[in-house]
Amino acid sequence: MSLSRRSFVQTLGAGAAGAWIGGRGREAGLFRLDALEAAEQNAAGSRLILSSNENPAGPGKAVLDAVRGVFSDTGRYPFAKVDEIAELIARKHGVKPENVLVGSGSTQLLRTSTHVFCSKTAGLVAAIPAYEECAGYAQLMGYPVTGVKLNSDLKMDLDALLGASKGAGMVFYCNPNNPVATAIGGKATRDYIAAVHKSSPNTSILVDEAYFEYATMPGYETMVPLAVTDPKVVVARTFSKAFGMAGLRVGYAIGHKDAIKKMSDWDGSGAVNMLGVAAVSAALQLDPAVLAAESKRNTEARAFTMKWFSDRGYKPTDSQTNFIFVDIKRTAAEFRAACAAENVMVGRNFPPYEKSHARISIGTMAEMQRAVQTFERALAKPAAAA
Amino acid sequence: MSLTRRRLFQRLVTLDETQLNPEVVSDRGREARVEFAAQATPAGAKPVRISSNENPLGPGQHVLDAIVGKFPEAGRYPFNATQNESSLPAAIAAKFTGAKAENVVMGAGSGEILTNAVRAFTTSAKPLATPWPSFENPYTTAKKIGSPVREVKLNDKLQVDVEKTIEASKGAGLVFFCNPNNPTATVHSHATVADFVKRVRAASPDTVILIDEAYHDYVTDPNYKSAVDIALATPNVFVTRTFSKAYGMAGLRIGYAIGHAPTIKRLNDFKMPYGIGTPHIGAMLAGINNPAHIEQERKRNTDVKAFTVKALADMGFTATDSQANFIFVNLKRPAAPFRDACAAAGVLVGRDFPPYEKTHCRISIGTMAEMQRAVDVFRKVLGAATTTAAKDKQ
Numbered sequence: 001m002s003l004s005r006r007s008f009v010q011t012l013g014a015g016a017a018g019a020w021i022g023g024r025g026r027e028a029g030l031f032r033l034d035a036l037e038a039a040e041q042n043a044a045g046s047r048l049i050l051s052s053n054e055n056p057a058g059p060g061k062a063v064l065d066a067v068r069g070v071f072s073d074t075g076r077y078p079f080a081k082v083d084e085i086a087e088l089i090a091r092k093h094g095v096k097p098e099n100v101l102v103g104s105g106s107t108q109l110l111r112t113s114t115h116v117f118c119s120k121t122a123g124l125v126a127a128i129p130a131y132e133e134c135a136g137y138a139q140l141m142g143y144p145v146t147g148v149k150l151n152s153d154l155k156m157d158l159d160a161l162l163g164a165s166k167g168a169g170m171v172f173y174c175n176p177n178n179p180v181a182t183a184i185g186g187k188a189t190r191d192y193i194a195a196v197h198k199s200s201p202n203t204s205i206l207v208d209e210a211y212f213e214y215a216t217m218p219g220y221e222t223m224v225p226l227a228v229t230d231p232k233v234v235v236a237r238t239f240s241k242a243f244g245m246a247g248l249r250v251g252y253a254i255g256h257k258d259a260i261k262k263m264s265d266w267d268g269s270g271a272v273n274m275l276g277v278a279a280v281s282a283a284l285q286l287d288p289a290v291l292a293a294e295s296k297r298n299t300e301a302r303a304f305t306m307k308w309f310s311d312r313g314y315k316p317t318d319s320q321t322n323f324i325f326v327d328i329k330r331t332a333a334e335f336r337a338a339c340a341a342e343n344v345m346v347g348r349n350f351p352p353y354e355k356s357h358a359r360i361s362i363g364t365m366a367e368m369q370r371a372v373q374t375f376e377r378a379l380a381k382p383a384a385a386a
Numbered sequence: 387m388s389l390t391r392r393r394l395f396q397r398l399v400t401l402d403e404t405q406l407n408p409e410v411v412s413d414r415g416r417e418a419r420v421e422f423a424a425q426a427t428p429a430g431a432k433p434v435r436i437s438s439n440e441n442p443l444g445p446g447q448h449v450l451d452a453i454v455g456k457f458p459e460a461g462r463y464p465f466n467a468t469q470n471e472s473s474l475p476a477a478i479a480a481k482f483t484g485a486k487a488e489n490v491v492m493g494a495g496s497g498e499i500l501t502n503a504v505r506a507f508t509t510s511a512k513p514l515a516t517p518w519p520s521f522e523n524p525y526t527t528a529k530k531i532g533s534p535v536r537e538v539k540l541n542d543k544l545q546v547d548v549e550k551t552i553e554a555s556k557g558a559g560l561v562f563f564c565n566p567n568n569p570t571a572t573v574h575s576h577a578t579v580a581d582f583v584k585r586v587r588a589a590s591p592d593t594v595i596l597i598d599e600a601y602h603d604y605v606t607d608p609n610y611k612s613a614v615d616i617a618l619a620t621p622n623v624f625v626t627r628t629f630s631k632a633y634g635m636a637g638l639r640i641g642y643a644i645g646h647a648p649t650i651k652r653l654n655d656f657k658m659p660y661g662i663g664t665p666h667i668g669a670m671l672a673g674i675n676n677p678a679h680i681e682q683e684r685k686r687n688t689d690v691k692a693f694t695v696k697a698l699a700d701m702g703f704t705a706t707d708s709q710a711n712f713i714f715v716n717l718k719r720p721a722a723p724f725r726d727a728c729a730a731a732g733v734l735v736g737r738d739f740p741p742y743e744k745t746h747c748r749i750s751i752g753t754m755a756e757m758q759r760a761v762d763v764f765r766k767v768l769g770a771a772t773t774t775a776a777k778d779k780q
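Protein sequences appear in the order of chains A and B.
Going by the numbering used here, the first sequence opens with residue 1, and the numbers climb by one from there.
Going by the numbering used here, the second sequence opens with residue 387, and the numbers climb by one from there.
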């Protein structure tokens, strides 16, 4: 199966060039919606992007003010300032700067980790489906890629994953897992990692926690504390999701200093930009209540949307993210086309579930209230014969 | 703050290693980090930073306004932005006769493209050929991935030695031709570049030719012309450009390669997805649609450079024929003590560039006010050194 996200992006690019409504406001008191904006964003015909798991509110005013504050330095190379945010990130996690590598989004770090931990003889192992960056890069480099099917709850099948991990260069462990939105608890993850170490001591495990801030499940844990002591475990994080900075391109990896050095030696932080650096610096100094409010906002809009589908007999998975993966009893393609006809953009195909499931990102509550009206009409159409 | 100090100390150690081995300096303007770590400047006064070949004025208000205009989309991925990432190659191509979107690949700075070119086109059996000294990114990347490097000394005018580079290109996977050449600031004419390409193609048809034109917008030599026309028409040839220099966007990390479509396609395979941010797209488009601003920046740089070159010439120190926003000047003494003395007076100049570190220093061109201040410092530092040397002789 094709794991190329790039071709998807190129396809989407042409269609996404239409008018996206500017001036979105943030709920939960961060960046208050005024009545006019609320009306605008719900106007029939305005494009509602629920396809890329972005934070609909963006980074907020304080962060954007910080970006404006760095304008006098936009002509300067950002490298020294990147070191400063590496230090802030280290402080946030209670680790040392030597445990942190900043990248141009976590995308860069996923590619780097695949490069340094995999080879033509020690390939990549990942759940199918999972976020494709590592698999796409492995294919480019000619490294073997092994996909492991999910279990019936659409969670990672840890026993099968363990079996496949033997001899692998790296396991891509996306938790919560994009696109299926499910997560594995901390204990099960630690047990899995320990078992991999035992059966395949040279295998590295990249734990992608892009959606960490949106997980609400009891027992879910970050692997950062393990990663800093374990040279075979690296955690990837991003500012593109809960922090609302997908357009500013900053992510980071945390791990043992030897693993981080290996990654950094291959591809450092030269691609990280000054606006993103200023934004991150401000965001990490915000009151933690701001991030908590964003998580709460998402949880509420997510619960509303999941209930709407459940009430109508369409089963979503147990979402721990800012998107849901729901059995719509028809192909994603026909559902997507019907929604797109009303300018509501939902996620693409995710084989092997493209015949039954759609991925829908969670917007603001007002956006989801509009979106479900579109979903209602899309689902009222008879499903095409399989 | 103890972590900061440790970090600085680590960087300081790195700098010492850099004196002997340039491997650390892989990104353009990486000096920015090294100097931050290593050079003590007087407290209070903002240092004059003329070490990294940056544009001291930044990108201009039209670009900053465009960034602010994108703030409502800061939370959107570049592929979801109203001005879409995928539109950038066509926007660049529109500025060049005969170019199409398929001839352009974007990068997070041209550094990303140089790195990817070495990854894509060199192997342990297919070396990199590069002038030396030149911009180090290709050299550094080749060393990292285990591709052999053929270093080609400059000629006595401190230009890329065309004949020797052609010789070194035979059987190479990639040949790097930096024009104007960083750090020596010299340039070759369009005719010379065309001849170089033709002869490398004849002698070694599989060798990919990378012509780096990072400083293109600063060139004033009438014999110079961009090699983009050659790249578009010739298999295995491409040109790299950056928005970090005349466009004043070093902090935004935007560059591109333009050239023969199959070569560009290979670079595109290695391209990091979404490397250019959403506000950055707006910034770049605002930049390329204001050519008058670049004209003005070239003129400004030319005037300030002339002032600086003359001031040093009046002191008895000769610079190469600079076609960039920096000069490479023969100080008749090692760069290191000069650099340290200037730093102590709040003026940060370029690092060592072996094998010229015993005689030459690279000095970027700041604003006129900055260069007036810098020249005063140079006069004191160089004057004092001359006096000391004279005393030693007595």
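Hint data in this document are derived by calculation from the structure and do not stem from the laboratory.
On a predicted model such as this, the values are computed, not experimentally measured, just so you know.
There may be inaccurate statements among the hints.
With a straight-line cut-off of 30 Å between C-alpha atoms, the simulated DSS-like cross-links for lysine-lysine are [said to hold, decoys possible]:
#1 B/Lys486 with A/Lys61
#2 A/Lys261 with B/Lys486
#3 A/Lys257 with B/Lys543
#4 B/Lys530 with A/Lys166
#5 A/Lys120 with B/Lys432
#6 B/Lys529 with A/Lys96
#7 B/Lys611 with A/Lys257
#8 A/Lys120 with B/Lys543
#9 B/Lys486 with B/Lys611
#10 B/Lys529 with A/Lys261
#11 B/Lys718 with B/Lys486
#12 A/Lys262 with B/Lys685
#13 B/Lys657 with A/Lys262
#14 A/Lys262 with B/Lys432
#15 A/Lys61 with A/Lys198
#16 A/Lys262 with B/Lys543
#17 A/Lys257 with B/Lys651
#18 B/Lys530 with A/Lys96
#19 A/Lys261 with B/Lys530
#20 B/Lys543 with A/Lys261
#21 B/Lys543 with B/Lys611
#22 B/Lys543 with B/Lys529
#23 A/Lys120 with B/Lys657
#24 A/Lys296 with A/Lys198
#25 A/Lys120 with B/Lys611
#26 B/Lys530 with A/Lys120
#27 A/Lys262 with B/Lys486
#28 A/Lys261 with A/Lys307
Partial list, derived from the structure: chain A residues whose beta carbon lies under 8 Å from chain B [stated by the list, open to error]:
#29 Ile128
#30 Gln139
#31 Ser152
#32 Gly244
Glycine included, every Cβ here is placed at the ideal spot set by N, Cα and C.
### Task
Against the earlier hints, flag every one the structure doesn't satisfy and list their numbers going up.
1, 2, 3, 5, 7, 8, 11, 12, 14, 15, 16, 17, 20, 24, 25, 27, 28, 29, 30 and 31
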